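S.K.: Working from the sequences, and respecting the hints, build out all of it.
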Amino acid sequence: MLLTISTTSRPATDLGYLLHKHPDRVQEFAQSIGQAWVFYPEATDERCTAALMLDVDPIRLVRSRDRSAPDFSLGQYVNDRPYAASSLLAVAMADVFRTARSGRCDARPDLAAGPMPLELTLPALRCRGGAELAHRLFEPLGWQVSAEAVPLDEQFPEWGESRYVRLTLTGEVRLADALNHLYVLLPVLDDAKHYWMAPDEVDKLIRAGEGWLAAHPDRALIARRYLGRRTTLTRTALAQLAELGDDTEEALEPPVEEEAAVEPAEETAKKTPLNVARREAVVAVLDELGARSVLDLGCGSGQLVGALLARPQFGRIGATDVSAHALALAARKLRLDRMPEAKLARLTLFQSSLTYRDSRFAGYDAAVLMEVVEHVDPPRLDALERVVFGDARPAHVIVTTPNSEYNVHYEFLTGMRHPDHRFEWTRSDFTGWAAAVCAEYGYSVEFRPVGDDDPDLGPATQMGVFHRD
Amino acid sequence: MTEITIPEMSLVVLVGVSGSGKSTFAAKHFTPTQVISSDFCRGLVADDENDQSSTPDAFDVLHYIVGTRLRRGLLTVVDATNVQYESRRALLELAKAHDVLCDAIVLDVPEEVAVERNAVRPDRDFGSHVIGRQRRDLRRSLGKISRDGFRRVHVLRGDQIDQAVVAYEKAWTDKRELTGPFDLIGDVHGCRAELETLLARLGYVEGAHPEGRTAVFVGDLVDRGPDTPGVLRIVMDMVEAGTALCVSGNHEQKLTRALNGRKVTVSHGLQESLDQLAAQDAAFVARARTFMEGLISHYQLDGGRLVVAHAGLKEAYHGRASGRVRSFALYGDTTGETDEYGLPVRLPWARDYRGRAMVVYGHTPTTEAEWINNTICLDTGVVFGGKLTALRYPERELVSVPAEQMWYEPSRPLTKHGVREPGLLDIADVQGTRYVEIQDGGRIKVREENAAAALEVMSRFAVDPRWLVYLPPTMAPPETSRLDGYLEHPDEAFEEYARAGVGRVVCEEKHMGSRAIAVLAKSPEAAERRFGIAGTGVVYTRTGRPFGMEGLTDRLREAVAPLWDALDTDWVALDCELLPWSAKALGLIRDQYAAVGAAATAALPAAVAALETAAGRGLDVGSHLVRARRRRDNAARFRDAYARYCWPIDGLSGVRLAPFQILACEGRATALEPHSWHLETLGLLDHEIIQPTRHVYVDLASPEDRARASAWWTEMTESGGEGMVVKPVEVPGGRVQPGIKVRGREYLRIIYGPDYTESLDTLRHRFLGKKRSLALREHALGVEALRRLAGGEPLWRVHEPVFAVLAMESEPVDPRL
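Sequence lines, in order, name chains A and B.
Okay, so the first sequence: first residue is 0 according to numbering that gives the first Met the number 0, each after it adds one.
Okay, so the second sequence: first residue is 0 according to numbering that gives the first Met the number 0, each after it adds one.
In short, the hints are calculated from the structure, not lab data.
The structure presented is a predicted model; accordingly, all values stated were derived computationally and were not measured.
Be careful, since some hints might not be right.
Here are some of the chain A residues that sit facing chain B, going by a computed Cβ distance under 10 Å [to be verified]:
(1) ARG9
(2) HIS374
(3) VAL375
(4) MET415
(5) ASP419
We put the CB at the ideal spot given by N, CA and C, even for glycine.
M.R.: Structure, rendered in structure tokens:
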């Protein structure tokens, strides 16, 4: 991967003093993940260009991988790290140009202190959010931005653009600031989920962002992305099975947080978020039914479980999910390790599947399927029905699911509300399904609206409350 | 000599005061592991066998150990004083809970003897008053111990204790030494004519089979039908002659009670029997009554592999004796409620049956006898105008004769299925650490965390388990090649097989696409019959996920039509590769491969240009420039490598399927056939969607053959092929790899990265052991699933090894192998 820094300030070769690297030498710097070197493709009084090249050793990269990276997926061997400008380049640059980044230059203190004409190029910058985000992040810092998307494969134009841009920044900027901009923003644009190599301590961000980050209009986004979306729970096995089935890992990711990717257009800050409204509605129905024991089927990260635990009238709570990852997350979010014994005794958390009969499902007053059925492939729904309504047979079953008619209210929504949804039902789809279940298994059902209720299109979430005959 | 007879499998409770010699007696007659003593348990929980304060905890442990042994069917002897009724009652309840018989052996020694014995044991420092108290308790007990509930109480006194000999009694239900072959016959209900026809059809001549087969009647010989005495006469003669066995049905039970003058409700055809017997002479009636009274609830046959009971029997009750076992065997698992026809509501015990023994029964009339989890109900309602059915064992063949007429009006119309084998599995079939037994010996362990990962993928993405009859195993590469420029080469594969003693191998072109398993039925009826599911087939991935291409199964069914006749089957399972790779893997290709290619092709030319400019002004960047140029070229090769396996498809146009193995068809696990058979049979397919698999055979003894195959591989891989799979022509056993994949040099860039050829020396240190071991285990599991499928085993048995393959695939292993 390559970064070039050019200037036309005269004499341009003074760039060598600022960078503390001699223009006529090729200098090497050993890095933990490979080799970096600095050389000057051009060095005249009119224009001087320094090039930083980083040669990543993929084998060393694997050894130094982040603990949260999946250990046994091919992705760690075949990836863009050796080519794309990313957090790795930011780390190498910070090391090689450490003094320059601090703004210190005893030979040319005036030059180092003030803005100078600079041109920075990155031929392959990994940029999640596309060229638009590169503009958004660099322009407020005084750069003119040229960001050109790299096509994924020229032979297959239908595949569209890659996540890389050819980036050129030009402007009158202090060199130390320019380096710090890159140091912070390369990882931010990279936003890689794995192979995150930059140290992510908050104070490093604050130091590198001194003088410019606080005033940046997108400082929140920068901070969030810079500090990284780290998952401490490894999903090795799942990542491996994903590749095996020619799927991407994201495609198999368990739907832990269940919310529309896009908020409704007219949703105002005052309104209760839909997930809260749904949880409250479910708890209210359980109260009304006088349920003392509740089974949360598909508990995800345990939002409903937390609400149920907070109410002592629910003496016994079963919480189950098919995803081991979701269960670990629920255990952490509910702070099971420090929960008082009396409270903990009310809860049973276990892995199960809704397509396998399970004796542990029996004996609850009510079962809840909150935003669950739409994650089951339609041909497998009959198995779920038999497991829940035919075999476990609680006195009451509460089912919530999105109302697809309401989706027009989500301005930017294309397709369904969650990538893992296998279907989304209209109100008549839902009532039709519920009627068939009732006829087959001897239940009756009533419907309740949840969330915003459109007079024509119905509620955001539809709820069916089933009672055993 | 005093002989004590105890049941082979039972709980034996020793009774006697401290110092009465119980431990000595137990050590003399039983093995150390059979005897559980309260002293031993006190030691376990208190480090002191005489710590009386630990007694409650010690007995908790004792009851736990005894209960576990009884559940597992082991003879167990409890060595404790047991002089009080309460302690004996707890043990009797334990025996009852596990449906085993319980005997007591009382050692009645004089108090002085016991006191004297304790006195010489310094660890027993309790006073003689303790023994006095125990003695009083025992004396009180002796008067009424026979009413405690023991099967038998053996009281030994004086010399009897030293001279006693223990003998064992086999359970009445234990006929495991009889190995058949058997003809199991369903409910006859007085239909003599049909029974005679059936026996003749089965080959019996005057109540005996010339080949020495044994008839086994599942009970309900009597009531409802036209000639109960005639049926009884046939069966009694055969049983007495030793050519038949018979278990009791509920109708025999009730008829006997009626004949004994007990008050019973005369219903369900009892009147017919009573009337018909009234016309018989008294001697016959007496004989019949004795015969029916002597019928027992169930038999275990053929080493325990076959269990016969009138209404079936769950596994925990096999070979056990108790009131509830008898009641289950006669009436089934009833809820105590009755249905709208006044008949008892029965629980579907067979649905939950997971035992290895085949259970054959009758009792519930249905129109067809059907297998449910290795159990079968043979009551096909002959008396209601249905048919009389027999099952040949071990052949698993059904033989029926139709009713000559409807002899009795059913109170409820006959249904097709009593309990249909459900398409639904139980979580206990897959969760937790499991050991899957393989037919040719051995067990394969599935670790709990792997099962957890598989459960998630299986539940969220896989097709219906009734279709999911197989998942393909992983395959190992050959030992690493030392040839310059190569990581893998055919030589190592040939060498490995030659070393293993394989004579002939086949090299099959490895298609680069997505692995696909196709399970196809000739018609919806065939799918319903064989898989119990609506539809005509599925095509799914290595992880069981449907391909979801509109019309794919129908096109394939069209393409494989020649197989229906060739294999004499109406369904088939095929192992295939679906092309192009981009059809299924486009997301992965774009995310992982094309992205790398795009980054490399954007970055490296710029780097080369920068270095060239620097070189132009005289900087010494020579080695860097050389390296950058090589990497640029490698990146271009990498891009070409993945792009070869991508082409646009439109619906099904452009999609090809390359079948290379016929996994199974009706009654056959064809995966065990030689590969030459597969290639030849698949050669019958001629359809635009079918991509043939090019192949060459290699006689490993011939250097020319080997060289020819290597050249073929080189040519194929240099023109973009993925590589080839080398397999022994005959499916090998033991530790020989079922196949070895030899991948091409360019293809490996997709796996090892664009620049892998720059660091071959490092990469040659790869560890194949785990991959090879997984490949063997997964292959064995796959074959096991197919064998179970072809053998008509229940769904959960087929699902078990299939699920295990998916679980194994989540085991961490170098993904580049």
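S.K.: Does the closest beta carbon of chain B sit nearer than 10 Å to the beta carbon of ARG9 of chain A?
M.R.: violated (19 Å)
S.K.: Should the hint that HIS374 of chain A touches chain B count as held when the rule is a Cβ pair under 10 Å?
M.R.: holds (7 Å)
S.K.: Using Cβ atoms only, decide whether MET415 of chain A comes closer than 10 Å to chain B, and label the hint accordingly.
M.R.: Violated: closest Cβ of chain B sits about 16 Å from MET415 of chain A, beyond 10 Å.
S.K.: Does ASP419 of chain A pass the interface hint, meaning its C-beta sits closer than 10 Å to a C-beta of chain B?
M.R.: It holds, given that the least Cβ distance between ASP419 of chain A and chain B is near 8 Å, below 10 Å.
S.K.: Hey, does the VAL375 of chain A contact hint survive, CB to chain B under 10 Å?
M.R.: Since chain B brings a Cβ to about 8 Å from VAL375 of chain A, closer than 10 Å, the hint holds.
Checked against the numbered hints given earlier, the structure breaks hints 1, 4 and satisfies all the rest.
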